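Asks: So you can see what is in the structure, the chains are spelled out below.
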Amino acid sequence: MHLPHFEITEPRTLDDALLVLSDHEDRIMIKAGGTALIPAMRLGLANPDRVLNISTISDMDKIDRHRDNCISIGANSSLFQVRQSSIIKENFPALVDAVKSISSPSLHHSSSIAGNICQDCRCIYYNQSLTWRALRSKCFKAAGKTCHAVSNGNKCSAVYRGDLAPVLISMSASVVLASFKGKREIPLSQFFKSNGIWPNTLGPAEILTEVVIPIPKSNLKVTFEKVRIRSSLDYAIATGAVSVTTDSEGTCTDCKIVLGALGPGPIESFEAEKIIVGTIPDLAICKRAAKEVINKIHPVANTESTPEHRIELAEFIVVRCLCKALGIGGGD
Amino acid sequence: MGDRSIKLIVNGYSYNVSVPAETTLLEVLREELQLTGTKFGCDTGECGACTVLIDGRPFRSCMTLAVEVEGKRITTIEGLANGGELHPVQKKFVELQAIQCGFCSPGMILTAVAFLGENPKPTRQEVRRAISGNICRCTGYQKIVEAVIAASKINGGGRK
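Sequences listed follow chains A and B, in order.
The first sequence begins at 1 in my numbering and counts up by one.
The second sequence begins at 1 in my numbering and counts up by one.
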């Protein structure tokens, strides 16, 4: 099926891109690798008049040390670059695990890190062909007034299924957003607004230019787990990342537990984290934290798996991530 | 704006084509250049049948705009053989009968070629993971994995 007609702009510099973006705010869409936008256009889910191809901007695909004890990953860095980078492998092995779990390796050449973070929420009632969707009334995500996944639902329940956001949030990463007014850096956790219609707070005249991750101290451990139906091409039905810092006695001094693919944005469970912090965690404490996590998630029937199954998976993922991070046996 | 004139370098030959922005590389290869070895499969980047090499790396041509690859080196299955001699991966696919209906073979072979360039001595598990984005509905993958492993033992298995 042919793509709908659009114009394309291929800027060489960030300033040129921001100029075009501010001139065409209404009907322009940003394309990096294109692995999300092109299929969405083919399904009629995106129909821009103009596409801004930011992959042509030079110097936005660098991975290097940045300011004080941080690594900067340029927005256009491909997933292949991220997983091959020695600086990433050395400092953030859990990020490499998360990247390797995405789609299949051959697609890592075209997918970018910023595109993965900025991906839209998905729903089995929305990510369908025009013909399929025409047989139902328009849902909230398609500017309609109903939710097909939740009877009498009053908001969109589409699911954010990006794999990198949970692990990056667990590592306290931030993102740099550029506009004509300048650049602002915000914690990645604040980038998401938990809204199925559009999951992030990127402004219409803004471009995500880099991801900044603090270099971890030696006593910080980060782990990542993901479950999907087919490991070559499906999106996650549940994913999670945990970071834990322990002191020399084995007491946990800091902990982040972040889940993905279970709601309209990454979900951090502060209550579960409190259960871990201040203890010398054992399997029982990890299981108690995982039980707490499931109070925070409310999946609905809009993926390839049932909500009940995804709640069980979330619990399993948290226990496994915690046990791996803390070196505790029995997490499987 | 109307069509854009671009120069594509495909299998070592230069082609001038005039296309609107929304034209994919797959459409240009099959419909303008008649290089129908690159297959039209799912059209959503899932099956890998349309895989080509761009500057030696595998890309889905159904998700790649033609205007994006101007000046880049594109290799399709038609350009893989060296003169009359098949590429080592092609040879092993034939010898070990890793082909049944053949629809996935161009994408599968090009993915394998790029992979062997990155990882010249892979394990079976690594091969399985590398080709996991290329769907085959006939072979059950066993023969394909065998053929890629066999090609890796030939000097030049990862030549692009």
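Hints were generated in silico from the structure; no laboratory data involved.
Note that this is a predicted model, so its numbers are computed, not measured.
For each residue, glycine too, the CB sits at the ideal point set by N, CA and C.
It cannot be assumed that every hint is accurate.
To be verified - Covered stretches of chain B, as calculated for chain A (at least 3 residues, CB under 8 Å):
id, region
1, 32-45
2, 62-70
Claimed, not checked - Beyond 12 Å from chain A on every Cβ pair, some chain B residues (computed):
id, residue
3, S5
4, S14
5, V17
6, I54
7, E95
8, L110
9, R128
10, I135
11, K143
12, A150
Unchecked claim - Straight-line alpha carbon distances no greater than 35 Å define the calculated DSBU-like cross-link-like pairs of lysine-lysine that follow:
id, chain 1, residue 1, chain 2, residue 2
13, B, K143, A, K193
14, A, K89, B, K7
15, A, K324, B, K7
16, A, K221, A, K145
Asks: Kindly indicate which numbered hints from before are broken by the structure, ordering the numbers from low to high.
Replies: The structure breaks hints 6, 8, 9, 10, 13, 14, 15 and 16; every other hint is satisfied.
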